[in-house]
Structures are given as C-alpha cells and as structure tokens.
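Residue numbers (my numbering), protein chains in the order written: chain V, 1 to 428; chain H, 429 to 621; chain B, 622 to 901.
Simulated from the structure, these hints should not be mistaken for lab results.
The reader is advised that the hints may include incorrect statements.
Stated by the list, open to error - Pairwise CB distance ranges, derived in the manner of DEER restraints:
| # | chain 1 | residue 1 | chain 2 | residue 2 | range |
| --- | --- | --- | --- | --- | --- |
| 1 | V | Ala191 | B | Gln837 | 27 to 35 Å |
| 2 | B | Gly675 | H | Ile472 | 45 to 53 Å |
| 3 | V | Ser266 | H | Thr619 | 56 to 64 Å |
| 4 | V | Asn74 | B | Gly675 | 32 to 40 Å |
| 5 | B | Asp842 | V | Ser266 | 54 to 62 Å |
To be verified - In the EDC-like style, the derived pairs of lysine to aspartate or glutamate whose C-alpha atoms are separated by at most 16 Å in a straight line are:
| # | chain 1 | residue 1 | chain 2 | residue 2 |
| --- | --- | --- | --- | --- |
| 6 | H | Lys603 | H | Asp495 |
| 7 | B | Lys703 | H | Glu550 |
| 8 | B | Lys712 | H | Asp485 |
| 9 | B | Lys900 | V | Glu410 |
| 10 | B | Lys745 | H | Asp537 |
| 11 | H | Lys529 | H | Glu550 |
| 12 | H | Lys506 | H | Asp495 |
A virtual CB, placed ideally from N, CA and C, is assigned to each residue, including glycine.
What follows is the residue order along each chain.
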Amino acid sequence: MSFPWAKHYEPKQPLMRWLDEKLPLPRLVYNAVGAGYPVPRNLNYFWNFGVLAGAALAIQIVTGIVLAMHYAANAGVAFGSVESIMRDVNAGWFLRYAHANGASMFLLVVYVHIGRGLYYGSYKAPREMVWLLGVVIFLLMMATAFMGYVLPWGQMSFWGAQVITGFFSAIPLVGEPIRVWLLGGFAPDNAALNRFFSLHYLLPFVIAGVIILHIWALHIPGSNNPTGVEVKGEQDTVPFHPYYTAKDGVGVGVFLLIFALLIFFSPNLLGHPDNYIEANPLSTPAHIVPEWYFLPFYAILKSFTANFILDAKLWGVLAMFGSILLLFFLPWLDTSPVRSANYRPKYRIFLGILLVDILVLGYVGGAEANARNVILGQIASAYYFAHFLIILPWVARSERPRPLPNSITEAVLAKHGGTSIAHSAAQA
Amino acid sequence: MATDSMVPPGESPEPFHEEVHDPRRRDFINIAAVSFAGVGVLAIVLPLVNQMNPSADVLAQSTTEVDLSKIQPGQAIKSQFRKQPLFVRNLTPAEIAEANKVDVASLRDPQTLAERTKPGKENWLITLGVCTHLGCVPLGAGEGENKGPFGGYFCPCHGSAYDTAARIRQGPAPKNLFVPNYTFNSDTAVTVG
Amino acid sequence: MPRIIASLVGAAFVFVLGLALFGTAKTAIQEPAAESAEHVFHLHPENIGLSSNGFFGKFDNQQLQRGFQVYKEVCAACHSLKYVAFRDLAKIGYSEPEVKAIANQWVIEQPSINPETGEAATRKNVASDHFPSPFANEVAARAANNNALPPDLSLMTKARHDGANYVHALITGYRNQPAELLKEFPGSKTPEGLHYNPYFANLNIAMPPPLTSDGQVTYSDGTKATKDQMARDVAAFLTWTAEPNLNARHAAGVAAALFLLIFCFLAWGAYQNVWRDVKH
C-alpha cells in the first residue's frame, strides 16, 4: 500500500485465488498485517503495544458478549446476576475476572502505546490523522470503561455514575437538565443502568471501527520508528509478516502471562472492596475513587478549589476534559521538526518530568484529600497544562537537536558497531 | 500472534542472508510456537462454550414434589418439572381397561400401560406435558379440554393424538409422552426427578 | 499565533491553579485540620495466615466446616448469607444427605405461600435454596437491632479491605475505650448502645461482641474452641463464601502460568529464528 517495494499478494492455492478474485479480503489482510506491509526494521518493543491493545479489545469483546448472556441490567437484580455468574455459571468466575481485569490491561497497554507516541513523536506530520483517531479511540475507551464499571451495581458503580454524571451539572443553566436526561431520572437507577448497558455493548464495536480507520491512516505514511527518520528505501524495512508477527508473538505471550497472574492470583487487586457491596442510594462510601486508570484525571478535577470568574466546580470539569482534549492539538502544539525524543535533549527532560507528574497525579487522585495531597495535586496539575500548552510550543526554539542519522539502516548498523560501507552497500 | 505458519527456510527476504543454519531446528521452534498458540486458543474456547450449559442453580432445581391426595379418578393436574409442564393423571378403571385393550405391536412406540406406570399404582400416569413432535403442550389435562380421538391428550399445534396411556396414536409425533423418573414417597406423594 | 493562544490558555489554567494552591495553603496554615480519634486510634488487622493464601493456597475443609458451625450457631441469628445456597456446602466436604439434613433442620424457614389459601407462609429449606434471611426485610432487621442493619455476610471478606484478617480482628478486637483516647478527644466517648472496637472504621460498632467465651460452640472434630480459633474459622468460612471457586482458580492459574511461560520461551525462540539474519 505504502511503499513501491511492498510485496504483492499472489495467492498460490486455487481456492485463495478464486476468493481473491471475487472478494479481495485475503489481499486486504495481507497488505494490512501480512507480508505486504513494509515496516521499519528498527522498531523496539514499545511498538508491540498497538497489537497488544488490539488483542485486549478482542478479549474484552469476546468475554463481554459471553457475560452479557448471563447479566441482567435491572437495578433490582444486577448485583445478584453478577454473583450468580461468579458462583453458578460454568467458568463464570473466570470470564468475569478476565473481563474486569481485561479492562485494566487494555488501558495499561494503551497508556504505554500513547507514551510511546509522545516519546517518539509519532503524532507529527504526516501521521496527525493516526494520532487524532487514536485520541478518539481513547475517549471511547474511557466512556466504555466507565459505563462497564457501573454495570455490577455495587457501591462504587452507583456513586461513580452519580459523580461522573455530576460533571455535566457544572455547565451553567443547562447542566442539571442534561444530567437528568443522561440518567433518565434524578439519581442513577434502572433507566441509567439499562442505557449504560446498551451503550457499553455498542461502543466497543465503534472502537473496533475507529481502529480500522486508525490502521488505515497509519498505512499511508507507514510506521514511525525509534529514530523518527523516514524510511528511505527497501533496505530500511522488513515485511510485517513474519518479522513483526513473530516479535508480536513474544509481546502477546508476556502480556497474557501478566494478565493470567492477575486473573488467577490477584483478581481483585485493581478493584475496590466497596464494589462488593450492593448499591445503596442512601449511603456514600467513606472514600470514593474511580478505577486506577482515571486517577490522574480525577486528581486534576479535585485540584481546582478556588472560584475565579467561573465556579471552582466548572473549572475542575473544564480542566479535566481539557486535559484530554488538548491531545487533539498536540500535532500543532509541538513545533519541532525532529520526531524522536532520543535526539531532543531538552524535550526529553520535560517528558520525563511529565511522566513523574502523571504518576504523582495518579497518587493524589486515589489519596485522601488532606492539605499536603491537595497542594501536590495542584502543582502537578499546573505542570500538566504548562507542559502541553506552554513548554511544548516554545521548547523547540531554544533546543539544539542531536544530529540525526541519515537513514534507519545507518542507525541500525551504527548500533551494531559495523559501519562498514561495503556491508551496507551490499545490503542496499 | 501469527496463526499461519512462519516463512519456510529459503523464503526469507534475500538481502539479509548472512549465514546458513540447520533448517530443521529452525522449523521446529516456529512450528512449536504456533502449535502452542493453537492449543492455547482451544483451551480458551472450552470455557467460552461451556458457559452456555445449564448453570449450577438450574441443575440444582431438578426435583419436584407432587401431592396426589386431591386428584380424583378421571382428573389430571399440571405441575412443573425442570421448567417443563408435568401431567399427573389419575386414570379411571375404564381408561385403564381401554389402554390395556390396545394391541401393543400395532403402536408406533410400543409400550404397555404397565411399563409406563409403577407396579400397584397403574392408575397414576405421570408424564411430561411436552408433545414429542415439536414441544407444544398437549390439551387434555385441564378440566373440559379436548382429549382428542383416543381420550388421552391432543396436541393442537400439529394434531398429534395420544391415548389414555399417553401413547402416540395419530398425527406426526414420533414417541409417547415422556415418563420421567419418579418415586412414591407415600400413597399420596411422589418426587419427580 | 497558535503558540500564543495555547500559551494563554495554559497560563489561565496555571493561574487558577496557583490561586487554588494559595487558598489551600492559607487554610492549611490558618486552620490546620484537627486530628480525629478514628485517625489516631484505628488499628490494622494482623495477618492470620489462611491456608487459602498464596499461589498454591487451598481451603482447609475441616476449618471451613468449623467456621460454618460458628456461622450457624452464632452469626446466623442476625446475619444473612443470601448469595450462598445449601447445595454449595457440598463443596466444603458435606455429603449430599448431610446437606439435605442441614437444609431441612435450618431454624429459619424459607418464605413461601400456603398452597391452599395463597397466604404468606414458610416452608422447610431444601438443598437448592439459598440461606434464608433471619429478618423479613430491612425495616424488621433494623427494628430488632437498635436501628443498625446487620450486613449480609456472603461477600464480607471481599467487601472489606484485607477481608479475612479484618473479620478475625474485628470479632476478637472488642475492648474498653482507652483512657488516652478520652483524654485526647473528650468528645469521642463511645455512644450508648455502641461498642468500642479499634478495628472498625469509626471505632464504634453497633454489633455487640459475638464471641464472648471459649467453648461457645462445641467442635465435632475435637478442636478446642477458643475465641481466637472460632474467629479464625469463621473468617476462613467467610473467605470461602465470598470466593467459593478459589481452589479451581488457583489450580487453573498454575497451569495457565506454566503454559504461558513455555509459550513465551517458544515465541522468543521463533522470534530470534525469524530475525536471525536481520540486524535491527
């Protein structure tokens, strides 16, 4: 699709040839994730995480469809139906724990995937559309994860629904009517549970659709690589299959191993005990927190405690949504022509600070709101916005990038110490 | 993970050939990795299929107790066994005589009334109320319902007629109404299942 | 130009956060948050080391049966166990006739209807029934318990942090309110009708001490029924009620982990093999 030297699909078996003539589906797959897609030869393990995210989505869809055969989306019986899955349905405990922890694994690999994009500048031209579609996927994932967490109808489910829909009530004038419309009532109940279930079942398929667009958009310029230098010729690439299918096999193996340890030995590690108490609209748990993957955003929400023109509450909600939506502008906020942070000494330091900053936000999001934690959260939130909106647009001006290699192959050979011209010429 | 086999030796892209390896050893590890993945997928499919089988709570509710003391000769009641209708009928001597009159060899599903009841309790005919054709509930157990041409049960869906021993006599059904396992706890109580 | 707009938006957020930070710091200095009794005197439960812990952990059926006996003779008077069925007891080593007998002799009967009149009635439990609740509804439960609601115990060990250890610590942790607590926090005297327990979140629990003396139950397996032993056994039993499939889960986990470990090595081998001629 992308490079002139990409291998063409030539089915050898008559059946495949017949199918390819009538419906070129095998050709599509071959060009997308088969030998027909040339990929830079120097990708590191961080490039496994896209495939891992796809695997995680597949796991979620399969386990989710199966769980939906046993789950009942009615406020009176939802909690009990989950318990019946855990106790009476054949292998139900396995399916439910796989689905609950699968959400965490999905978000985990997607965070690494996003982090890789930030470090290696994968969002920059000509891959802006890939990035934008990725942010859309991320938003859809957050919505799906939130609505899925409501379904067991435990205390955290209920109060999560109450708090998250409460965000909308921060909007002046129309906020409260919007909240009531979203819930179909004045507090989360049957109506809310049913619509969340419906949307929780629908959105993963929308995500799958956007993923197809994401991959389609990626295949036009081809994959980025750790040097950030564009592919110059055939010697810079290898076919996706078997090279990266083999490498992804290792990644999937390690991913599944960690996933299995979580499911079988610590299935409730990332959950919250309060969600094993059935929803009670009359009593809020002492310490309500979202799932771990929302904690940094929750910390930003909590950090806005002062009114300034707008209510503190509205500032918090704006900032929390803003902290995600600003990712849409990232390709234009970062003005450096150099992609990979390996060659950007200053940006690299700020990115390191951002990583620590997000971990601090995650800690604050889950911690008790005493003065020390609130102040920590406020400083960390300020850096988050400063990083993307102030530092990133200006850092390129005062930064002198390290010299870039002339080509991917040159970088690879330099790493292996064998920069013999003859050798690389022979390869070319 | 790749589900089709890796590129066989000799087909890997030309420019990168540097040294020659033993091709058999190379093949082995690729095949082993792919087969392992295949076994893993099969192991995962098992619980995904098994989850559709009846769950423990469904299997647990598999006995039904029926009180016979209120059923007069000639009457029948409908009860429930595993969420299916259960017909319990107290046959009159005339009905028993009629059932025993039939030439068993001429039946589609040859069975005597004695084979379909417990010794000494020939008047108690306990069957599932599920037509053996396609699963409708036959008429004849309720007061005033059409018992069909043979005085037993009649299925209105496709016209299967059963006699006083609930044996198929006419219509498309292949078998007699099913007699579940049951035991008499006393003269007036049975446990089905 | 976009750079300047972005910087202005960024500066706005940073400014508002700075304002908020100033407010937080000012409040913290002017009115430092007071310590509370539950913050200072709350204790964390100690580890009771159940046999079900760890990668190869399995339930000890003897202990679960003892714990069931404690539940039956002590806890069941007030606490329901609604997600557990009598038939489930077969999984902790009771035979089918034993399960039937336990269900049949259970003191609290299942709500039912009179088959003649349709009026509310009760009937004896059968194996497929879930454990009946000791109270007809929440109002009845509160009325009988000084307006406190005894929670369902089916999921208790998963619904509390460090669940099994918490259950053991809570039922053995009753004591008199320490004098230092009253000296430091004179307003925190345990209210009438509540009981001081440092393992309970707010230190004052409505449940009276359930285990009052050694030998409160008589174990059929000869184990000496000290208060600590009974608390351990019932904590183990409630671990089982919350997670009845733990044995299967651990066994499947060991198999899955071994399988995936081998797969990782094979996949690594295949990867090395495919890439052997390509520098990268």
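Okay, the hints, checked on the actual structure:
1. Ala191/V x Gln837/B: 27 to 35 Å: Violated - the Cβ-Cβ distance for Ala191/V and Gln837/B, about 48 Å, lies outside 27 to 35 Å.
2. Gly675/B x Ile472/H: 45 to 53 Å: 25 Å Cβ-Cβ, so the 45 to 53 Å window is violated.
3. Ser266/V x Thr619/H: 56 to 64 Å: At roughly 45 Å between Cβ atoms, Thr619/H and Ser266/V fall outside 56 to 64 Å, so the hint is violated.
4. Asn74/V x Gly675/B: 32 to 40 Å: Holds: the Cβ-Cβ distance is about 38 Å, inside 32 to 40 Å.
5. Asp842/B x Ser266/V: 54 to 62 Å: Given about 32 Å between the Cβ atoms, the range is violated.
6. Lys603/H x Asp495/H: violated, 27 Å
7. Lys703/B x Glu550/H: violated, 43 Å
8. Lys712/B x Asp485/H: holds, 14 Å
9. Lys900/B x Glu410/V: Given that 16 Å is the threshold and the Cα spacing comes to 11 Å, the pair holds.
10. Lys745/B x Asp537/H: violated, 41 Å
11. Lys529/H x Glu550/H: It holds: about 15 Å lies between the C-alpha atoms, which stays within 16 Å.
12. Lys506/H x Asp495/H: Given pair Lys506/H, Asp495/H holds - Cα atoms ~12 Å apart, limit 16 Å.
Consistency note: the structure conflicts with the earlier hints numbered 1, 2, 3, 5, 6, 7, 10.
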